[in-house]
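Asks: First to last, the protein sequences are chains Y and P.
Sequential numbering from 1 applies to the first sequence in UniProt numbering.
Sequential numbering from 1 applies to the second sequence in UniProt numbering.
Wrong hints could be hidden among the right ones.
[Said to hold, decoys possible] Partial list, computed: chain Y residues near chain P (C-beta under 7 Å): (1) A124; (2) G323; (3) Q328.
Worth flagging that the hints you see were computed from the coordinates, not collected in a lab.
We put the CB at the ideal spot given by N, CA and C, even for glycine.
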Amino acid sequence: MTETLVPQAPVSTAEIAPHRPTDWRSHAMERRIRRRYTAERRFRLLGLGAVVVSAACLAFLLIVMIAQGYQGFVETRLTLPLDLRDLRLERSPERLKGPGADLALAGAGLERAVDAAANRAYEAEGGAALLSDGAWLRVRDAIKHDPRLLTHPFTLALPVASAIDVAAKGNGTPAAERSVAKLGAHLSCGAAWDFFTGADSTDAARAGIWGALKGSLLTMVVTLALAFPVGVLSAIYLEEYAPRNRATDFIEVSINNLAAVPSIVFGLLGLAVFLGTLHLPRSAPLVGGLTLALMTMPVIVIASRNAIRAVPPSIRDAALAVGASPIQVVSHHVLPLAAPGILTGTIIGMARALGETAPLLMIGMRAFIAAPPAGFTDSATALPVQIFLWSDQVSRGFVEKTSAAILVLLVFLVAMNGVAIFLRNRFETRW
Amino acid sequence: MSNNPPKMTASHVDVSYGTNHAIRDVSIDVYREDVTAFIGPSGCGKSTFLRSLNRMNDTIPTARVSGDIRLDGEDIYAREMDVVQLRARVGMVFQKPNPFPKSIYENVAYGPKIHGLAQSKGELDRIVERSLTRAGLWNEVKDRLSDPGTALSGGQQQRLCIARAIAVDPEVILMDEPCSALDPVATARIEELIHDLRGRYAIVIVTHNMQQAARVSQRTAFFHLGQLIEYGDTSDIFTNPRQERTKDYITGRYG
């Protein structure tokens with residue numbers, strides 16, 4: 001073997017150039033340090049700016065909502081002197097207790113009497129038209145509460161008509177504003193409890209949120225009862241049992257796609273399948289819940305799979321090595337550790353379902369429903385749909401109702417998140 | 001060497017992960033009264049082989065085991081073998097301490113509970129105390145059994161894992177580099193513990209540390225590139241290896 005065959009080591013320039021020690025105090029080095037600090041500062045400021053902007057947006061939204069919405073929880077009342085002594089009604093108190101009382105008082109012409117009293121007292125300002133259509137119901141309830149009112153004159157603050165109410169809150173028509181100015185001290189304010197107990201109405205002064213709230217509650221119950229078990233079980237099966245092959249890959253891709261499908265498509269699906277094929281009742285929370293469950297399930301599956309995947313494999317090994325069966329590994333170790341993540345995913349899915357309007361419109365939950373639903377198959381509407389419907393109303397009284405309903409929806413959401421956070425913390429400390 | 005029949009016998013075992021042939025034609029007998037050490041450079045397949053002794057490789061979908069592995073003469077890969085029971089009979093301690101995120105008591109009591117080894121709370125308490133005592137941990141934790149197992153130090157966690165393994169009263173305990181994540185003091189405790197447990201359970205330990213193999217084991221198997229190069233009494237392997245490669249490895253020439 002000749003020397004030429006031995007490969008020559010490449011001569012590196014580093015070896016030739018004399019080695020100079022790094023000058024850590026050189027001008028260039030100091031400039032680099034300065035630049036590094038600037039970049040650091042800039043990045044921090046950007047992050048802080050982003051946080052401030054998002055917090056400001058949130059605060060703005062909340063403040064505007066509350067400023068507009070609180071009036072929905074307040075009603076204007078008109079003080080009305082009443083004398084019902086000539087009302088043709090047997091005054092036996094027991095007749096005014098039971099279920100016959102409403103009918104007895106209505107039959108005795110209470111509504112007319114109230115209207116007449118209003119006409120007498122405020123003839124110049126508009127008379128009975130000042131009062132809300134439901135005002136006489138307040139009188140009725142007052143009499144039921146205290147039948148002795150029938151024996152002597154008394155005064156009662158009754159809710160005014162929507163136009164007057166809006167005017168009193170400073171946003172009415174000129175005519176209504178004049179009436180308010182004339183009524184002056186006869187008007188007062190009070191909490192609109194009817195808003196929390198009533199259902200939808202064509203009269204803004206009588207419209208309440210309870211019907212929609214109950215509809216939403218029932219719908220959410222159906223959604224949770226279906227989407228949570230199915231979603232979590234699918235996630236467990238896919239993560240722990242399913243073999244990795246083309247079929248499961250396809251399922252995984254499909255679930256991811258399903259989570260991204262626009263919600264109105266689920267509405268169409270619900271319309272075609274639940275109403276068209278299965279002939280389930282239209283506008284019912286049952287159908288709404290089923291449709292929203294279809295939409296929520298993929299979200300729960302994805303979140304649960306991620307949470308299950310995040311459980312360290314060493315815990316699985318440990319359980320298997322002491323002889324736990326696969327189901328014991330899952331139920332004793334994997335699920336408790338994945339529970340916080342699963343719950344978070346579920347609540348995100350449920351919150352999205354709660355705020356969803358489009359699919360519910362498709363299955364008929366946009367109908368005008370004047371009574372709260374009694375069960376899962378009764379006609380009902382849901383909070384976001386109610387907001388949508390009210391926002392579409394011409395009558396000005398519905399503007400504040402819309403804002404108030406949004407506040408109710410937000411409170412519902414916050415309550416749901418609160419429950420989720422509570423559960424999550426419980427599971428986290430209770431390993 | 002003893003004259004008793006071997007506790008576990010493996011003959012002509014091959015293990016592959018997909019196309020990767022990790023173990024080729026390995027035959028080893030494990031005896032109840034001995035500690036058997038598997039040594040060899042990283043990636044030589046000793047952990048893979050260990051995991052095939054209690055079928056932990058089953059959890060890896062691509063793993064394929066062929067050959068014959070028997071526990072007391074029973075084929076552990078046979079159809080009628082219940083893998084859950086097998087893993088209770090052949091316990092395992094892992095490289096990184098992996099206590100359950102539960103209390104110390106729960107960690108040890110878990111195995112007996114799922115196998116129904118205790119009829120009453122009192123009996124379970126006794127099993128927990130006995131296991132922790134055997135694992136040399138009882139005196140350190142007896143006043144705080146409800147503390148989380150994860151709050152213990154690394155060495156204590158590993159002894160807790162050993163206590164968890166022996167709580168189900170296994171016949172064989174497999175240890176996969178049980179000291180590699182521990183400091184020398186904790187390592188010494190574990191080695192002492194292995195010494196104490198010897199005879200009660202057949203113990204197989206995988207280790208990178210040749211001094212450890214020499215200290216704790218009676219029999220040593222040297223693996224290289226998926227093959228069993230040499231297997232025999234520890235004293236012979238370390239003083240008088242028959243194979244050149246074994247000699248090179250234990251004298252530190254490679255590996």
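Asks: Hints first: check each against the structure and report whether it holds.
Replies: Hints and how they fare:
The beta carbon of Y:A124 is not positioned within 7 Å of any beta carbon in chain P (closest approach about 77 Å), and the interface hint is therefore violated. For Y:G323, the suggested interface contact is upheld, since its CB lies about 3 Å from the closest CB of chain P, less than 7 Å. Given hint, Y:Q328 at the interface with chain P, holds; its Cβ is 6 Å from that chain's nearest Cβ, closer than 7 Å.
Hint violations for this structure: number 1 only, all remaining hints satisfied.
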